[in-house]
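Put the two chains together into one complex, using the hints given.
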Amino acid sequence: MLVGAVFLWLLVNGAFYYMSRVRPGAFDQRYARHILIGGGIVLPVVVLTVLLVWGLSMLPDPRRPGDGLVVRVTGEQWWWRVEYWPEGADAPVLTANEIRLPVGQRTEIHLTSDKVIHSFWIPALGGKMDMFPGRETMISLLPERPGTYRGQCAEFCGASHAWMAFAAVAMEPADFDRWLASEAADAVPPSTDAAARGARLFRSEGCGACHAVRGTENVGQVGPDLTHVGSRQTLGAGRLKVTIDDLSIWISHTDVLKPEVKMPTYDLEPDQLSDLAAYLEGLK
Amino acid sequence: MTRPSGLPQPEGPYPPTDEMLAEPVPRDVQEAQASRLRAAWETPKGWRYITAVNNTEVGKWYCLTALVFMLLAGVMALIIRLQLAVPENDLVSADRFNQLFTMHGSAMMFLFAVPMFEAVSILLLPGMLGARDMPFPRLSAFGYWCFLIGGVFVIGSIFFDAAPRAGWFMYPPLATKDEGPGSDIWLLGLSFIEVASIAAAVELIVGTLKCRPPGMRVNIMPLYAWYVLVVGGMILFAFPPLIAGDFLFELERSFDWPFFDPTRGGDPMLWQHLFWIFGHPEVYIIFLPSIAIAAMVIPTVARRPIFGYSWIVLSAVGTGFLSFGLWVHHMFTTGLPSISLGFFSAASEAVVIPTGIQIFAFLATLMAGRVKMTLPMLWISGALAIFTMGGLTGVMLALAPFDFQAHDTYFIVAHLHYTLFGGMVFPVIAGVYYFFPFIQKKLMSDRLGKWAFWLTFSGFNLCFLPMHLTGLWGMPRRVYTYPGGLGWDWLNLISTVGAFVMAAGFATFVWDLIRPKHRQAQIPRNPWDGGTLEWTHDVPEEAWGVRSIPHVTTRYPLWDQPDMLTRLDAGRYYLPDAQEGKRETLVTSVIDAEPVQVQRVTGPTWITLWAAAFTGGAFIFPTFSWYTPAIISGALAICCIIWWLWTATAQVPEADSKDAGLGLRLPTYAAGPASVGWWAIWITMLGDATAFASLVFGFFFYWTASPDFPPDGAAHAVPGLIALAALAFAVNWALTVGARQLNRAGRVTPARICLIAAPAVAAAGAAALVGAVIDLEPASHVYPAILWALAIWIAVHSGAGVIMQLYCLAGSLFGKLTPRYDADIWNVSLFWHFVTISALVACAVLGLMPEAL
Numbered sequence: 001m002l003v004g005a006v007f008l009w010l011l012v013n014g015a016f017y018y019m020s021r022v023r024p025g026a027f028d029q030r031y032a033r034h035i036l037i038g039g040g041i042v043l044p045v046v047v048l049t050v051l052l053v054w055g056l057s058m059l060p061d062p063r064r065p066g067d068g069l070v071v072r073v074t075g076e077q078w079w080w081r082v083e084y085w086p087e088g089a090d091a092p093v094l095t096a097n098e099i100r101l102p103v104g105q106r107t108e109i110h111l112t113s114d115k116v117i118h119s120f121w122i123p124a125l126g127g128k129m130d131m132f133p134g135r136e137t138m139i140s141l142l143p144e145r146p147g148t149y150r151g152q153c154a155e156f157c158g159a160s161h162a163w164m165a166f167a168a169v170a171m172e173p174a175d176f177d178r179w180l181a182s183e184a185a186d187a188v189p190p191s192t193d194a195a196a197r198g199a200r201l202f203r204s205e206g207c208g209a210c211h212a213v214r215g216t217e218n219v220g221q222v223g224p225d226l227t228h229v230g231s232r233q234t235l236g237a238g239r240l241k242v243t244i245d246d247l248s249i250w251i252s253h254t255d256v257l258k259p260e261v262k263m264p265t266y267d268l269e270p271d272q273l274s275d276l277a278a279y280l281e282g283l284k
Numbered sequence: 001m002t003r004p005s006g007l008p009q010p011e012g013p014y015p016p017t018d019e020m021l022a023e024p025v026p027r028d029v030q031e032a033q034a035s036r037l038r039a040a041w042e043t044p045k046g047w048r049y050i051t052a053v054n055n056t057e058v059g060k061w062y063c064l065t066a067l068v069f070m071l072l073a074g075v076m077a078l079i080i081r082l083q084l085a086v087p088e089n090d091l092v093s094a095d096r097f098n099q100l101f102t103m104h105g106s107a108m109m110f111l112f113a114v115p116m117f118e119a120v121s122i123l124l125l126p127g128m129l130g131a132r133d134m135p136f137p138r139l140s141a142f143g144y145w146c147f148l149i150g151g152v153f154v155i156g157s158i159f160f161d162a163a164p165r166a167g168w169f170m171y172p173p174l175a176t177k178d179e180g181p182g183s184d185i186w187l188l189g190l191s192f193i194e195v196a197s198i199a200a201a202v203e204l205i206v207g208t209l210k211c212r213p214p215g216m217r218v219n220i221m222p223l224y225a226w227y228v229l230v231v232g233g234m235i236l237f238a239f240p241p242l243i244a245g246d247f248l249f250e251l252e253r254s255f256d257w258p259f260f261d262p263t264r265g266g267d268p269m270l271w272q273h274l275f276w277i278f279g280h281p282e283v284y285i286i287f288l289p290s291i292a293i294a295a296m297v298i299p300t301v302a303r304r305p306i307f308g309y310s311w312i313v314l315s316a317v318g319t320g321f322l323s324f325g326l327w328v329h330h331m332f333t334t335g336l337p338s339i340s341l342g343f344f345s346a347a348s349e350a351v352v353i354p355t356g357i358q359i360f361a362f363l364a365t366l367m368a369g370r371v372k373m374t375l376p377m378l379w380i381s382g383a384l385a386i387f388t389m390g391g392l393t394g395v396m397l398a399l400a401p402f403d404f405q406a407h408d409t410y411f412i413v414a415h416l417h418y419t420l421f422g423g424m425v426f427p428v429i430a431g432v433y434y435f436f437p438f439i440q441k442k443l444m445s446d447r448l449g450k451w452a453f454w455l456t457f458s459g460f461n462l463c464f465l466p467m468h469l470t471g472l473w474g475m476p477r478r479v480y481t482y483p484g485g486l487g488w489d490w491l492n493l494i495s496t497v498g499a500f501v502m503a504a505g506f507a508t509f510v511w512d513l514i515r516p517k518h519r520q521a522q523i524p525r526n527p528w529d530g531g532t533l534e535w536t537h538d539v540p541e542e543a544w545g546v547r548s549i550p551h552v553t554t555r556y557p558l559w560d561q562p563d564m565l566t567r568l569d570a571g572r573y574y575l576p577d578a579q580e581g582k583r584e585t586l587v588t589s590v591i592d593a594e595p596v597q598v599q600r601v602t603g604p605t606w607i608t609l610w611a612a613a614f615t616g617g618a619f620i621f622p623t624f625s626w627y628t629p630a631i632i633s634g635a636l637a638i639c640c641i642i643w644w645l646w647t648a649t650a651q652v653p654e655a656d657s658k659d660a661g662l663g664l665r666l667p668t669y670a671a672g673p674a675s676v677g678w679w680a681i682w683i684t685m686l687g688d689a690t691a692f693a694s695l696v697f698g699f700f701f702y703w704t705a706s707p708d709f710p711p712d713g714a715a716h717a718v719p720g721l722i723a724l725a726a727l728a729f730a731v732n733w734a735l736t737v738g739a740r741q742l743n744r745a746g747r748v749t750p751a752r753i754c755l756i757a758a759p760a761v762a763a764a765g766a767a768a769l770v771g772a773v774i775d776l777e778p779a780s781h782v783y784p785a786i787l788w789a790l791a792i793w794i795a796v797h798s799g800a801g802v803i804m805q806l807y808c809l810a811g812s813l814f815g816k817l818t819p820r821y822d823a824d825i826w827n828v829s830l831f832w833h834f835v836t837i838s839a840l841v842a843c844a845v846l847g848l849m850p851e852a853l
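From first to last, the protein sequence lines are chains C and V.
Under UniProt numbering, the first residue of the first sequence carries the number 1, and numbering increases by one thereafter.
Under UniProt numbering, the first residue of the second sequence carries the number 1, and numbering increases by one thereafter.
Okay, chain V solo, but in the shape it has when bound (with noise of 0.2 Å):
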């Protein structure tokens, strides 16, 4: 059992009564409230603008980073549809059109739409959550520079004529056995940006279920908050496979480890596998947060709730559980089973259910209100009408027999398209014309708004609608040219002039974001009559947020509680104060969102903006075979994540507890599951052994597929070190546990015993692994070289455990880590319950399997 820290319990009335809510707050009172908040969340100016952390500030940022990604992208499209517009054409060299398709691709699914729901989501879910910023402020800002310095180099490769060039699904052997930087370039640029989209997502999710106003229980949260917990989780559980596959795949490119090769027993349909398990969920997870935005945008347009609420929460849901188990349908010409080429084809016609009744229920909202026509409201309605095309030819490849006529053509370019830009794109421009009046106090032209709809929308369509008639004539994709007479001529051409009418629509598009508009009258504060809390904020002239964080006991509180925004605006609610001039927001409880904490936020810094550069470092120069700078760089970047979390996070605060407001009094520190970073961990630890499970499933993948593994004779793991690693793994667990038991208990002497028996311990049973597999021959064949990736996997993890329990020690004997305040050790044996437990499955598969097989 453990004994609890003796940090005070929230204390005072709760939830507020309506008599405390109208009692008024004093004028003076309001504005020394006023100033010292402002004072607090000031961001900073001129050349230290950079340095900004606020959820704002990021998630602009990120916007417009992920943006101009997108125009770059748009572009290559260009280039693209000028060179396909008549046959055998020369304007581009096969191989420089063969990066263009690459890297388009590449660079809307990496640089654009994942990271344009995580910057969205930045930039508006505490303001629908009524928090004052992110939890993690300056993870997320971190995360923006790994996704700038990462999105610069790989897209950046491209003018240096060394982008990948394999096809933005990266098959084995093509890519890698191909020459040059471009294939590493993609692996390691990109797995960058994956590991910065995991920590957003992280965020994202701890934000939901943590920072929500109290009393905004689950069941009344914004459906956009259900989007993202959706769609966080499906990153958490869809990108760790990639990232698998990306180490196995660098590791066969950098020391020729031959996990895709088939002449040494590796099989190239391993990376598919891993590919579309991430594949496949990445669709939706482009694809739900536009809905999420849908979902805001019409219930406003309507003049209602929206209608079943609970049936588009479940149905988010499915269709997220229901996404990983239609991978197998980007493979039907792989020659798998028609067993599974069956079941594969009944879930992808599954999914349409749950689809469908998400946009039945938007139907169904409109239906019930009284429909007020807006310019977000067109795009909405162009987005469905592109989306159900999509849908319904979706719905024909899920067929295999269709599918094996329809992959790989043209058609599957139309119809990803139709899916992407009617599940992605219109949904996020009705999106920026609609949260526009909430980066400025300003409105996007109509005029230009409607000319940019029409011309977007007609180019559109006549970009891609042709493209199902060429691939079903038979024009397979990504050719840089085709022949003549064919009766693809046409048909091309008009793709081409659709392209660039489309082009034309994006510019209006742009231009009306980026035009000034100093000239231009301020508009009210809530300018479509949204229901929602993000519509409380006073941007841009009050960073805070919120004034004070409101009491929320309806889904629609602008509509529905009518004196909240006066109240909210009075400082009447939580945390109107910034009594010691620090950051701070409120903690609620996962379910019922009752306050149980004040939070303290961290504030601008370079930190973030060194530790990003550094791990920049450590990613990029590996590509260029530069070795010694990568560990160099990695060594410094850890330095700076440890320098930021030593000064800034799980700070002994000056007082256990301070007032929030209304009379509550709540804790000012908490550990363990109370806490937003034990979440954090928590969360991260599970993306982290999903990936660990995907390389798993790589070595029984190997067993099943291919009969000589492991090949006749081959030499195996020592049993004896593996024995005995697991033992050191186990003790280690012990230790690390045992000391967050006796530094709780008062017994600080005895636990730092342990945080000095525990890393020598944990490095033994990392040592003693990585021994038991140092006499094989990885290059030799995929067997040896998986159990090396095991062994590897572990030791890097067992490296950062150490360093975090020699930073829970060195907390321990500076007074950060005391028995009262000890969140740090609560979240690094948290971290290795998980690795003790993958490093004993690893001791497992090396150790017994051998046995076994």
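Just chain C, with the same shape it has in the complex (with noise of 0.2 Å):
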């Protein structure tokens, strides 16, 4: 297509830079004529016909229906939450910003949004569908490659739309049952002492909420599930790593990170920063 278009760009201004500086001189008429017909309507049928029926052929793919898998995932300002439902479950695995994909397989992917209009986009694996506050689209996607790839927002949602990102990551079959299996447990209880002192934090400062971790008193569904949050690859819809710093940063700066988002900037001493981020980078 490319390669077309370059050529047919050459074709018209090669011929207007001819007429115009090469040989100024008046042609025939019956050229003239030629070159309007030619040009103007045989050409572009000729071509348009071709591209055409070659382009619309692909235009069903991205609907076919899938091999079992549904992931559902609602567009939130800003960032994703994601439920899985394995053929015939009947309740989902919860999780978010962060979508993983077995390969080989046909994946429906169902989408919503809970206030305005976002779009769901994994440039490496396909195209773009739009999800719409009250009405369910649909976009099938089938990996064909292990691989971790960038997914984003691609429709204008407001203030941080720039920062509403996410991992997609393409696993092996047995290797996605047995990440799904661990990301449907429950949180793991803190291990060290910071991290228990972190847990406590979360608490006394009322992170649960908002936030749900399984398995303990926090259930908030206002934000991001954050059950298995250290075993994901980024933080904040892609804004940051999930490091013991970057969680501490994320924390304390949430308004500059992502500017307007609901979560308030938390204003704790540096060593309880550590303390509820070790916690949090503890959830694997």
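Keep in mind the hints are simulated off the structure, nothing from the lab.
Remember, it's a predicted structure, so these values are computed and weren't measured experimentally.
Just so you know, even glycine gets a beta-carbon here, dropped at the ideal spot from N, CA and C.
No false leads were slipped in.
Sample of chain V residues facing chain C (criterion: CB under 7 Å; computed from the structure): (1) PRO262; (2) GLU349; (3) LEU399.
Structure (structure tokens):
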């Protein structure tokens, strides 16, 4: 397509240049008529017909039914609520800001939105599909090679649209099944003293009002589920890495990192911050 | 049957013979005529200059204002580029960035691209048609002042950190739920400007149809006029859906009526449809006038008539039609059924064909002519290079599967700038260089022009060519910053550098345009040796446009009618004089351009300025929820407009007919289809009906798209009152038309009785319609909300119609409207034809649909 485009561009502009600069003199009228009909009608009809047939033959791909697994993604401002519904499941596995898919299988991704329109897009795996409040759209993806890809929101959705991304991880089916099983499990208890202090802070600072950590009394559903946040590739919907340092920076600078985000900035002592970060980082 | 009004018909020889034209005009007669004409057309001096309404003045202001808005929007783009030069930059905040890109797009589209077409056309069209002025000069001035006030208001919001920030297509729910006045400024400010745009379009269409010089049949009018006709028609059908959308949107913002809120039955997709039904034709509304400029420049450069005139006209019309069938390609990723995607893919590809024909016709013209390269032509060549590139990426994007990837990325940003620069900015600049001698008898600098071209051209490509890649590598548009390390860094840096090179090019161009040219030698009258009538103008010395209105028999009269210029200057042709000291232009028939009337056109006035200021108040105050000042302002605007119409339009002339030159006597007054006013109402109402149809479309959209429309157990409009309203509107219509017929038949008293009864009945109808929905809760669900919206629409139109009926009644009582001079009531009954149909459709939807549902 690119080669064709360059060729056509050269053809038209070359002719223009030739006519106006190289040979400005008059040509025969007869040629003029040929150029008008040939260039204006015959050429585009032929090129476009071929292009349309070829192009539209690919149209059905992203709408083919999936092989069983359904991932339901809800766009929030500005993060992704993710539910995995394996075939026959009656309750989903809840997570956020990361999509994992088995390679070699077509997975249906059901999309909706909380408040405003977003658009779901993993450039390396397929096209995009908009996410509407009050409506469900669908795109099915068939990853062919394992790997981690970047996904992001493509429809302008407010102040921090730029920071609404996620990691998309394509895995071998066996690995995927293992991962899904561990993702379905409750959170691991804190394993160090710092993490234990962090877990208490998590409760006392009221984090659980918005965030759920399954297996604890924190059951908030306003923000992302943090049950296995330590095992994710990114923090804050693609904003940072999940390290103790980044977690501390995030908790203390949310409004700088993500303008107008709902999560308030927490003004904690440095050691409190590192405890809290240690707890979250340990939630593998 | 309507009895003829008894006004005289054109009398005398037509077309003029060669002997008549060869007869010289005595010198003293020439001078006396010229001085009277000069006095009638004199441009007001000093601070009264702003009361001018002549197309050359208004056109000039319009162009310069649009240029200033464009430069402001360009500076916003530079800030955007600076912010994106490096990853994670914090030059501007996210909120400020979002305001900037929203305003950049909105201003470029609504304050530059469309108004620029209208500005250039107001400036040039009368010249090309050998007319003295537009048919409604005060309407042009009113439109200009509306544009200025609205534009300053909208663009000024950015300096108060209060600008809209949801992107130039304002998708709900993001834009409806946005806090602060930003969205309201966008909706009301731009609606105000859209109304002015439609007014200008109406005037341009009527000007093209009715103000051509005698003999200029439609098949020999300049291509520019054809494009004006096509684009004017497109504006008429494209803007109303957006205005209807704005109306619903603002009702949701102000009163929480849930048109786009899915939790109460609304649907954000309706806005997307209405917006893009406007938005896609908009692209061609911007693009076609530029092709029109090219169509004027190219024959001059090739020194031969355009090749394939009728091909070009048909293609332009075809492009206009097709452009209304493409809008869904902006919505390929919204999950619409595959069948729609396939259809709109194919339609989007099909539009290439008429576009291609136009470009190849230009190529063929250059081929068959002997090309003399000029500066305007250089810019046209640049336009072609850029536009074909944008066209080719457009062909790719029209394929839905490709669009799934490229949609909403920097690939789109690149594509749209290639089409708009190639299809608008470059041709317009070419037009500025080409038509500059039309404003001042000077040429712009060749050297600076080349510098400007190469800087702009290379800067443009440096800025936008890499963006194709940035987009394909996954960078979405409208991000205020981006993380480093994704391969986008260096591409963005190049783009930023390119943007500044381009800015240097624009600066050079603007300097060349505004630099003082006192010491530069004056140039001859027709510096490019063009063949069309605008080059007969002797500006700026004479404000009268043409000394006398020529009889035109060829497409390039200055090439093919060798004696024309001297005869024209001698006042040998039509309307060489202003005996009564009034401004006049010639009205001709639509197809054959046979002279039918001498039209009095209006002169300098303050009233248009006041009318625009108060109209502005009516639109601007509601953005701050100041409803009382808004209503007062609106009422004052109506008073101004009534005063303006009463004192300056459809005046009873001192004589029924006058000598128009060459032995031809023409009537000085026309009513009904013979008058330009009637045509203007007809065309305006076509646009109005389109807006109404968009609301009805909304009703059916909800019905088909949503399972709970109307919701179970919903209250409906009261059927009895609906029936009453329908009856009242029908009776009102009969009374209005009856008044017109009785008046013309000389039965003035019964006509007046009809004109007293009709407003009462119309008001009763509107009241019944509103009464039928008054118990419904519009904020509870979209079903009662859309019923309310339809009822309000009809009620407001009825209000306007009642004022018009009373205006006619007053006219009848005070001698402005008589059986012989009855243009006003013809226009009013035409208005009511349309409103009655709308009202009956509304009654059917409100009253009958609940049965069908």
